[in-house]
Structures are given as C-alpha cells and as structure tokens.
Amino acid sequence: MKITINDDFDLLKIADSGQCFRFNACGEGFTVMALDKYLFIKKVGEKEYELSCSEEEYEGFWKEYFDLGLSYSELRGRIDPAEDPYLYAAAEYGKGIRILKQDLWEMLISFIISQRKNIPAIKASIEKLCAKVGRKAGETPEGEILYAFPTAKEIASLSMEDLAACSLGYRDKYVMKAAREVASGYVDLESWKDLDDAGLMERLLELFGVGVKVANCEILFGYHRLDAFPKDVWINRVLDRQYPGGFMFDKYTPYNGIMQQYLFFYSRTTM
DNA sequence: AGGCAGGTTCTTA
DNA sequence: TAAGAACCTGCC
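Take the first sequence: its position 47, counted from the start at 1, is 47 in our numbering, and no numbers get skipped.
Keep in mind the hints are simulated off the structure, nothing from the lab.
Per label pair, the in silico range of CB-to-CB distance:
(1) D7 with P254: 12 to 22 Å
(2) D10 with R135: 28 to 38 Å
(3) K153 with G60: 19 to 29 Å
Derived pair list, reagent style SDA-like, types lysine to any residue, alpha-carbon separation capped at 20 Å:
(4) K136 with E154
(5) K128 with L35
(6) K101 with G60
(7) K136 with L158
(8) K95 with N24
(9) K42 with I145
(10) K193 with R203
(11) K123 with G29
(12) K251 with E83
(13) K231 with Q115
(14) K42 with F30
(15) K47 with L11
(16) K213 with L100
(17) K123 with D232
(18) K128 with Y38
Quick reminder that beta carbons are idealized off the backbone N, C-alpha and C, glycines included.
Using the sequences plus the hints, can you model the full thing?
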C-alpha cells in the first residue's frame, strides 16, 4: 500500500538514530522488524511511501509504530535558534528522526545487550539471538531470511551455551534472568505502564543488568514516555561541552527525549 | 598489541 | 555513599 506523510520522516536517519537495531537499508528501501512483524518500506515520492503491508496492518500497527500522530515539525519549531543555537543546529541536522513506538520486551533485551557495545556489535548480537531461536518472520527483497525477536519463553528455554554463541559476553546472565522473570510472570512489563515515572524507573532498576541509562532507554523507546532523557557517553559529552550552565529541560517538557535524539544524532557525527 | 565501545555490578573505604 | 575495578567480545 502507499501512504503520504506530511511531517518530518527520514528513514535513513531513523535507521541510524540508535533507537532501533533491526531497521536497515536494503536495496531501494528499508527492512523493519518489530517483534515478529516485518515491513519493507520505500520512499517513492516527496512525501510518499510504499509499504509492503496491508492497509489493515498499517492502520492497526505501523502507523502507531512510526508515531505518526505527533507533529515533530511542530516540536522542532519550539526551538529558538537565538536562545539555543546548538540544539537548533542539531534539530535541523536530525530533522526526520522520530521516536518509534517499539515493543517493551524487545527494547529491554536490546538495551541490556547494548551496554559497552557499539551499534554494529549490538545489531550482530541481536540478529544472532533471533536466528538462534529461528522463528522465520519475513524475507527481504534480497532473499535474506529475517527471524522474529524471541519471546521471553523462547530465550528462557535456551541453554547458556546457546546464549554465549550470540556474543552477549557477560550480559548473557542479565538476558537469561530477565527472560526467566518475564516468562514466569514475576515481571509484567505491560502492567508497569500504569506506574508513574518514578515508580516505573524504580521497577526497572530492580532488574539485573539494568542501570539508569538502560532504564531510560526502555522508558523512552519502549514505554514511549517522551520526556525520558537517556544519558550515554555521547550525550554526557554534549552536556559537558555545550551546556555547562545546564540544558533547558523545563522548556521542552514533556518532550525532552526527542531533543535528546537530535543531540545524540548530531553529536555522533560532529564530535 | 593494547585500548576501547551508547554501562552495570561488585568491591572496597 | 562514593569512587574504582572488573567484565565478554570484536574491531581497530
């Protein structure tokens, strides 16, 4: 099916923004995996995109996945170039990035794996994990098989040798513990949607292998609470160098997470 | 070849 | 409570 998008929307920038690890350029378009859902999306006009899914699947899932109900151009417009020239430049540079609405479980495991790894290594580990379980979910135009992201039960049923083969390193025990706790129902990520911000953070930090940074990524990219502001080495570098007097968090509430994405994306290519 | 990569846990004062 | 070290692995 074909859609028209009248807002910031840049597939390449989204793919490179570091919030998703199974969103890749492929031929003329991009392959996207979200849990066990596969999409091929291609830009075919100024604002027009061709999607491999049906209209029902678009309306029922992908529209929300791409956060198309929120105007990112309007949010960028709130940035005053005279007041904060660095953020303005970052937002211009990152124009087209959106915060995807991703799955809670997939984000939790993905960001547990992400610690002290670079993006290519994170992607490689996740793909190995998906292939290890091997539940086929799609096939790219180039004929590559794509596998569903494993459920908690599927990971819990793997051996530690299986996990070690996914290059998880010392994170293997974090992944396994999370899988067992979710599979058993002891941890119910969905029900945590009802918690307030502080309560949600508290719960996430109780998980083995989850610290403040990973918890904030889960809150921003999984729970889609757009005010979460994950601080990694890149963002800390920006805050230290560009905002010695402090970033104006109050001004952008409740959308600081979107500003974080612009700053992160900009910093990775300019610092 | 040794250091480091989108952190977190564990150990020590 | 707060620093500092240790940690898997892959890639310069």
